[in-house]
Each structure stands twice: as C-alpha cells, then as structure tokens.
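Undergrad: Protein chains in written order, with our numbering: chain A, 1 to 358; chain B, 1 to 358.
Identical chains share a label here; the pair holds if one copy fits it or two copies do between them.
Mimicking SDA-like on lysine to any residue, the simulated pairs with C-alpha atoms at most 25 Å apart in a straight line are:
| # | residue 1 | residue 2 |
| --- | --- | --- |
| 1 | K351 | Q22 |
| 2 | K343 | P150 |
| 3 | K343 | D304 |
| 4 | K344 | D287 |
| 5 | K344 | L357 |
| 6 | K225 | R245 |
| 7 | K351 | S288 |
| 8 | K176 | R335 |
| 9 | K343 | L179 |
Simulated from the structure, these hints should not be mistaken for lab results. Every value quoted in this text rests on a predicted model; they were computed, and no experiment measured them.
Number of protein chains: 2
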Amino acid sequence: MQRVGVIMAGGGGTRFWPLSRQQTPKQLLNLTGRAPMICETFDRMARVIEPGNIYIVTSALQADGVLEALAGRTDRSRLLTEPEPKDTAPCIGYAAAVIESRHGQSLMLVTPSDHYIRDTDRLTEVWETALDAAENGDRLVTVGIRPDRPATAYGYIRYDTETDAPVRRVFSFHEKPDLETAARYLSSGDYAWNSGMFIWRTDTILSRLREHAPDIADAVSRIGKAVGTQQEQAVIADAFHQMRRISIDYAVMEPCAAQDGVLLVPGNFGWNDVGSWDMIEALRQPDSNGNVLLGDALALDSRDCVIIARDRFVSAVDMDGLVIVQTPDAVMVCRKDKAQNVKKIVEALQKAGRTDLL
Amino acid sequence: MQRVGVIMAGGGGTRFWPLSRQQTPKQLLNLTGRAPMICETFDRMARVIEPGNIYIVTSALQADGVLEALAGRTDRSRLLTEPEPKDTAPCIGYAAAVIESRHGQSLMLVTPSDHYIRDTDRLTEVWETALDAAENGDRLVTVGIRPDRPATAYGYIRYDTETDAPVRRVFSFHEKPDLETAARYLSSGDYAWNSGMFIWRTDTILSRLREHAPDIADAVSRIGKAVGTQQEQAVIADAFHQMRRISIDYAVMEPCAAQDGVLLVPGNFGWNDVGSWDMIEALRQPDSNGNVLLGDALALDSRDCVIIARDRFVSAVDMDGLVIVQTPDAVMVCRKDKAQNVKKIVEALQKAGRTDLL
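Chain A on its own, in the form it takes in the complex (with noise of 0.2 Å):
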C-alpha cells in the first residue's frame, strides 16, 4: 500500500517568544543549530516515505514560512491550508481526504513538525513497525515513549507492559498529570508518553472518525468530494469554519483504546518534544559551566544558564539558571525551572494589543 506522510505544523508557538512569533513559530526555528525542525522532520520521514508523498499542514499565516523553510525538499502542492485552527482532529482529517482523494487508499504517517529525536535511526525501526501493524490490520497506531521522568508536560498511554512484543496494545490516553500522578505512572512502568505519532490506513482513521466524530467525518468528507475542484478552496473553508476544534485524541484514539482499538509502538529515541525553553539542553550541548550560550553571548561567574543572542552582545554575571534571548525587537528573561511563563509575557503583549511583538 502506498505510504503517504502528514506533518502537522500549525502550532503558534508562543513558548519559545521572543524567538517564535505567530509567522515563525517553533518548527520554523533552527534550534539545534542544523536546520528549522520542520526540515529535520522531513528529512527524518524521508527515510519511510517517498519525499512527493509527505504532506505538510500548516496554518495561512505560516505557509510562506513553511515554503521557505523546506525549499529545495518539497513545494506548494504538498501544502495543505487550515483556514483556521481547529486542532489535530480537524486537521487529520482533512488530510486523510485529501490522500485518499489523490493517492487512494494509502498508509499514512503522522506526526508532529516540531520535535527533537536523537535516535533517527532507532526511530525508523520503530515507524516501520507501526506502519507494518496498520497496514496488516485496521487498529490505530501510535509510537510511545518509554517516559524517564514524571513529566508534567506530556500526555500519558497506558498500554500492555506484560509483554516484550514490538506492538502493544493501548488501554487509555490520559491527559497531562499533575506531579503526583505523573511520578505514580512512571514508578508503575504501565504508561508510555505521548508521542503524537499516529500510524494508520486512510479507511481506518476515516471510519473511525466517522463512527466517533461524525460531525467531523461530515465536514471531511465534504472537503474529500471537493479536492481538485474549482469549489476546493472554498469547502475547505466552510467544512474549517464548521468543525469544532477537538484533538484527535479526545475525539477517536480515547473512544477507540476502550474497544481495543489502538496499538502503540514502544521506542527510546531520544524524543523531546522542546516544550519550552530549558529544553533547549536536549539540543545544545552546555559547556563545562552547565551554560548554554549562542551568538555574541557572554557569562560570566554564572552557571546552568540559556543565552541567546540573535544580533547584539547579550551579558550576565552571577546568573543562575536563567534564560536570557535577545531578538532584533525584545529581550526576555524568565528562570529556566519556570521557563512555561514566557507565555504570561505573551498574554500580557496580546492583551496590551503589541501586534508588533506577536
């Protein structure tokens, strides 16, 4: 069966402010120092799936950006549009009827556009596994990480641990855990992380979706009858402006794990998601003083610092743990351990109405 990949990048990205903006979210950032995330996706998909054949979905906004970033690897045809977001089920969806409108029935590979693997070569194991178990079967899949920490950030699966079997099958999604619950999942050795990855036949997920979200198959199927017509554009938009926004997990993967309906590839690759700004020493490697300096950047008796300096000298002494980032219009500072709250900066700039900052 034909393969056919979907990268998911529509997100907005204010984690990462002032570096990410609404037009440069995080995958377009060169975090790692190689190239935008987006670009390592691709390349990292191209290695199971036929480079005409990878599909990227991405915001109005963002297109342009999206474009520019992978020149050279792919162009506008293998864009899709979301007219607006409507999280990842929505966004599924749409592009599961556009595949099956073009290609057919194919194999499909999903997955985020934005996060760090280290393991590329781990990880392709892995994805030909799950595509092998949803091309001979019609249960969802999806890839797990064995997690090492009881991260607050990541959605949990709990799955079959009772075997050494490559595929397993998944019990339930469970949304992020507060501390207590997330170190009680982890010393239970019962749950995998989230890894967004989804795996599976365009007839599986499409019926699936019919059978748990008919409003969204609805709006879908419309958007699937209309591609390659002169209307495409415009059924997009209203099937977009109907559908609610819900995540895929919520609306097929949790109603489906209960009807033993998912499975879940466990891997170690070296998966981080780069939620936030302390992630940044999952790319980059700290020097001797736990600090992590890029650009014109200097520290001075300061240690497990972030700094990044884009275009001008960024200086500190006698920092601990902060995160420092100057771009060509802002400077923000916040403590690596609470490194989420860049997002208050956000809110205070969106609701000061600072466009210019956005």
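Since the structure of chain A is provided, determine the placement of chain B on it from the hints.
TA: Same frame as chain A, but now just chain B:
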C-alpha cells in the same frame, strides 16, 4: 574674593555599562529622568557661583559630549581638557593654575560631576558655609556626609564631633573600608563620608601642592605660566604626561589633615554618588513591587528589579533583585546586590578587544 567653580567630569564610567561608555560616561547620562547629571551639577553650582566662572575638566574623548550636554549653560572656553587621566590631584592643580592665571587669586569650589543630591537648598547652605570658611583662612575645606549605613564604597573622614559648630577640624582621611571597619566607623559617630567636594583659595591649594607634592606643583606651575600663550596646549600635554597618577586625598588632604590644615562642613542633603546600578533606586521611585522600569519594559511576578529598555521591548518574569539593561548594541543582566560586578563584563570586553562595546 571672586568665586570660581570646577566640575570634575573625567570619569570613565564602566559601572553603568552598557548605558555608560567611554564617550558617554555616567555624568552624561540622564539617570534621573530630568537631565544629564552634569547639568544638574552645573545648575546646583550656579546657585553659588557665576555660571561664567564655572569650569569643567574633562577628557578629550568626552569634551564634545560634555559641551553638547551643557549647551546653553556654558561653552568651550570654560572646558579644561585633560590630555590623559591622572586622577584628581593633577586635575585640580591644572584647574587651579588656569584659574589663577585667568582670574587671579580666587575662591575655588571643586565638585564631582556625577553625584545625586536630593536637597539642593541644604547643599547650597553647606557650600556657603564652606566658602566662608575657606575665604577667611588658609585651610583646605571639604564637605562630609553623615553616614547612615556602613557603606564600603566610600572613603571616610574622621573629624571633630565634640562640637556643634558648622565647621569642624579634620583628623584623618581613610580609604574605602571593609564592612567590619565601616560598621565600626558608623557606630563610632566620628566619621563622615568623603563627598569629593573641596573648597579653598587657589593660593592655598597651590601652596599645599608645593609642600606635599612638589613634582605635581612644578608641572602645574608650568601650565600656569603657559596659559594664554601659543604653547598652552603643548605644555599641558607635556605636564600631564609627566605627572604621576595620584588623588588629591593622598597627595594633599591626608598630609594636611595631619597638620591641622583641613576643615569639614558636615551636611545631610540626600547625597548619593550613584556608584552602581543598584543606586538607581535613589533616583527613581520604585513601583509597588519595588521595580524600577524605564522605557518599554515589562516585569511580571517580579520584584526589586531595575529594567532599563533604551530602544527595544525588555521583559522579565519571575525575577527577584535583577538589573537588566538594554542599549542599542548590548544587553546586560546582573544581580542588584552584586551590581559592581558589571565591571567584570567590561574587563572581559577590554581583554577581548571589543572596542565596539566599550
């Protein structure tokens, strides 16, 4: 006797980096939000001395900046340019020589250019008292500040505290003490902070220089003879090249105090030498969270911070006791309780040859 003022404005000002630079030292900064410190100094002095009789001693590098700041108050004819920095004894000797040459024997008031004074009326009274004492005698007069904390950043003067007289005898000058010594000075009640303000007759200071620093007096005397001649600039350059680097306290005040040759007028007029970023709070009222925010600055869940945003948006979240300064070419972050460590950054820049940032 004619009164002549001297504002010493030669300071390099690394302690307010990155706002202060070689060409824009602290005295040219508008830290109060009203006017550059040198302007406020000039205006205070103009209360007791004819503005046309006020001289400013500065470096060649800073001369244009000084003139620009004082535009409308004075002109280049009252600017005394030091060819190289040799500390306060050569500076004061040079000024005294020029003044005697141009104005004859005069009553001379010397003050730093970069101190903050809250109560100008009270300072004016103190100066009048000091000018009277200096005019009617042959002793060197200084102004002492009653300490309210065991400051280690100031020199101390031990003086006669057994009387309530407005003018007191000075026993000795003391360098910046360690904290223990400063605490002892404070609790003894016998010490004043050295304000760096001096009042004397030109003939008195020139005689004392002759007595205690004859080499400086020789050089100064050569300058005096050259004033108004074609050789003036060449002689000044040569004299400064020959003079050693020495403060007026070491060269003259200390030995004279030992010979009962120094008087002190104690005063409380809200004096602050604004020696480092943490002193900004003396100039700018902090908000209810203890933050001083200047420019396009935002502090969320933060307290006791100083944030200066010159031309960009600067934001901080979850910060306590930090100083963040943004200028068009640099960002600096330090702890308020270690604000003096800014000099470590400047030293590192000097070592690295980063003249673009000095």
